[in-house]
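Visitor: Starting from the known structure of chain S, fit chain Y with the ligands onto it as the hints suggest.
Taken in order, these protein sequences are the chains called S and Y.
For the first sequence, the working numbering assigns the number 1 to the initial residue and increments by one for each residue that follows.
For the second sequence, the working numbering assigns the number 1001 to the initial residue and increments by one for each residue that follows.
No wet-lab data here; the hints were simulated from the structure.
Think of the CB as a built atom: it goes at the ideal place given N, C-alpha and C, for glycine as much as any other residue.
Hints may contain errors.
[To be verified] In silico lysine to any residue, SDA-like type, Cα no more than 20 Å apart, as pairs: (1) S:K129 x Y:N1027; (2) S:K350 x Y:R1048; (3) S:K129 x Y:E1022; (4) Y:K1007 x S:R365; (5) Y:K1007 x S:T355; (6) S:K129 x Y:A1033; (7) S:K117 x Y:A1008; (8) S:K129 x Y:V1034; (9) S:K117 x Y:Y1031; (10) Y:K1007 x S:D74; (11) S:K117 x Y:D1029; (12) S:K350 x Y:Q1045; (13) S:K396 x S:N412.
[Unchecked claim] Some chain Y residues flagged as far from chain S (calculated, every beta-carbon gap over 10 Å): (14) M1001; (15) K1007; (16) D1035; (17) P1040; (18) P1041; (19) G1042; (20) M1043; (21) I1046; (22) F1060; (23) E1063; (24) E1064.
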Amino acid sequence: MTTAALSPAVPKPAHVADAVVYDFDMFQDPAYVADPHRRVLDMVKHAPPVFWTPRNGGHWMLVSHEANFVASRDVEAFSNGFATPAELSAIQLRMPPGTPHIPFPLPINIDPPDHGKYRLPLQRVFSPKTINELKDSIRVLAGELIDKVAAQGHCEFMAAVAEPLPVVVFLKMLGLPVSRMEEYRALVAEHMSDPTPDPMDSIKKLWKITALLRDDVLLRKDNPQDDIISMLWKAEIDGKPTTLDDMENYMVLLFLAGLDTVMNGIGHGIRHFATDLALQDELRKSPEQVGDASEEMLRRYTFTVPPRFVKKDMEFMGLQMKRGERAMLFLPAADLDPKVFPNPDTYDLKRENKTHIAFNAGPHRCLGSHLARVELQIVYEEMLARLPRFRLDPAKPPTFHCGHVVGVSTLNLVWQA
Amino acid sequence: MKIRIEKASCVGNARCAAVSEELFPLNDDGYIAVDAVDVPPGMEQIARRGARACPERIIFVVEEE
Ligand code: HEM
Ligand code: SF4
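Only chain S is shown next, with the shape it has when bound in the complex (with noise of 0.2 Å):
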């Protein structure tokens, strides 16, 4: 196994006291990476609830429940914008002529009261109504991904459900074609990867996911189907009708929200279910359980940690930051916070409150979280119908990627075939 280098710690600045400070790389710390939830416990118990890292550039770590809940939803003191439209429009003015549309994740990347008419058009195609007209095929799509393993014993349960199912579901919403799973898939882990873009690194990035999608997303304007890309070419932003500068911004955004977490989020779902042979027999004999069963997992493994801008010279829960400083939630940590959830690290079906921020809270909550809670639920009731009891093959443990998002990179699963 190869250890990555921790990035090199900054000097901390003087309005950070020593008794917050706690070093913690949010991509590489050993611990972490080698089981990452452990490691969160680990830090619910041992970190400040709010503290400052030395690492990746130096930032906040917002640790408990509260601080998490109430940062999220305190829009004047953390923005999600890393640029004003009008500072970005300022920065594409001073490229040279000819220079592509710089791509701004909509409506991830902007503060209220902007972010609502940029969410609004994709509020209904992602309302529960939608989704649950994509329940049958989603579940066809499952058993046959199941079914192709089911004889053989084993299998890499990454590489052969998780990643494919959302990809391929995600892909048909969007109308996109299902042959180029992989160049999208490729373009998707090339983004995650990197852990102190610099900006014009990432504006490149985005450049690829605008090349490899611009045709499909053209071709939708003139022939409209029953998919995303022609519903949003309908939409109208603010009274104005969409552009290609719009799609391009939405597309960046759905491309890397829809393909990255579902996938992650039933690695760890499906590798606790291996390790808990008892609650797969319980759901096997009681199938109506499995969607507790599945917000519970999502409290138990929250894996994303999405990044907040300090937007001005403040006190927050006793501490001083400053404007422009990064202020990371970190969710996982947040839904293992003994206040709100006791014995945090137990995994309780019957547990009374399951109300987690896993798709976080405030105006930016998971836009995907129906879609995403229903391919969850029903990839596990696919795999406890399909498969006997299932478990970690003992030669080849999990392995982690940590960051933005805390995914699970091999699942190695065996059984009774």
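Guide: Below, chain Y with the ligands alone, put in the same frame as chain S:
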């Protein structure tokens, strides 16, 4: 029993409707459609569960008698 909902803060989680679509109707965009509900007798427990399920904590049960 009554339910009061701070409708303007709803972010469309639909967790309330997942508990009871009858008590917590959503509009087409997936946001809560009402800001007050009279809870029919016998549904008090479901009303409380729906309120607890809201991640934004904007559903309030008004106990009265
Ligand atoms: C289990 C899977 C998923 C998890 C855990 C998850 C988590 C999250 C979180 C935590 C946020 C908030 C980010 C922030 O506050 O900055 C978010 C936003 C978002 N998610 Fe998801 N997500 C998942 C699946 C999906 C899927 C399948 C889609 C499909 C399109 C999606 C689309 C979005 C969009 C568009 C936003 C931005 C919403 C806004 O800014 O208003 N997500 N997601
Ligand atoms: S659970 Fe809360 S935020 Fe969600 S739809 Fe219901 S009222 Fe709105």
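Visitor: State for each hint whether it applies.
Guide: Hints, verified against the model:
1. S:K129 x Y:N1027: holds (10 Å)
2. S:K350 x Y:R1048: Given pair K350 (chain S), R1048 (chain Y) holds - Cα atoms ~17 Å apart, limit 20 Å.
3. S:K129 x Y:E1022: Holds. K129 (chain S) to E1022 (chain Y) sits at ~15 Å (cutoff 20 Å).
4. Y:K1007 x S:R365: holds (16 Å)
5. Y:K1007 x S:T355: holds (19 Å)
6. S:K129 x Y:A1033: holds (14 Å)
7. S:K117 x Y:A1008: holds (15 Å)
8. S:K129 x Y:V1034: Satisfied, since the Cα-Cα distance of roughly 18 Å is no more than 20 Å.
9. S:K117 x Y:Y1031: Measuring from Cα to Cα gives roughly 15 Å; hence the hint holds.
10. Y:K1007 x S:D74: holds (17 Å)
11. S:K117 x Y:D1029: Cα-Cα ~13 Å, so holds.
12. S:K350 x Y:Q1045: holds (17 Å)
13. S:K396 x S:N412: Since the Cα atoms of K396 (chain S) and N412 (chain S) sit roughly 6 Å apart, the hinted pair holds (cutoff 20 Å).
14. M1001: holds (20 Å)
15. K1007: The assertion about K1007 (chain Y) holds, with a minimum of 14 Å to chain S.
16. D1035: Non-interface label stands for D1035 (chain Y): nearest chain S Cβ at 18 Å, farther than 10 Å.
17. P1040: holds (23 Å)
18. P1041: Label holds. Min Cβ-Cβ 24 Å, cutoff 10 Å.
19. G1042: holds (21 Å)
20. M1043: Its Cβ never comes within 10 Å of chain S, the nearest being 19 Å, so this holds.
21. I1046: The claim stands: I1046 (chain Y) keeps its Cβ more than 10 Å from every Cβ of chain S (closest is about 15 Å).
22. F1060: Check passes; 15 Å lies beyond 10 Å.
23. E1063: E1063 (chain Y) is indeed farther than 10 Å from all Cβ atoms of chain S, at 19 Å.
24. E1064: For E1064 (chain Y), whose nearest Cβ neighbour in chain S is about 24 Å away, the distance exceeds 10 Å, so it holds.
Of the numbered hints given earlier, the model fails none.
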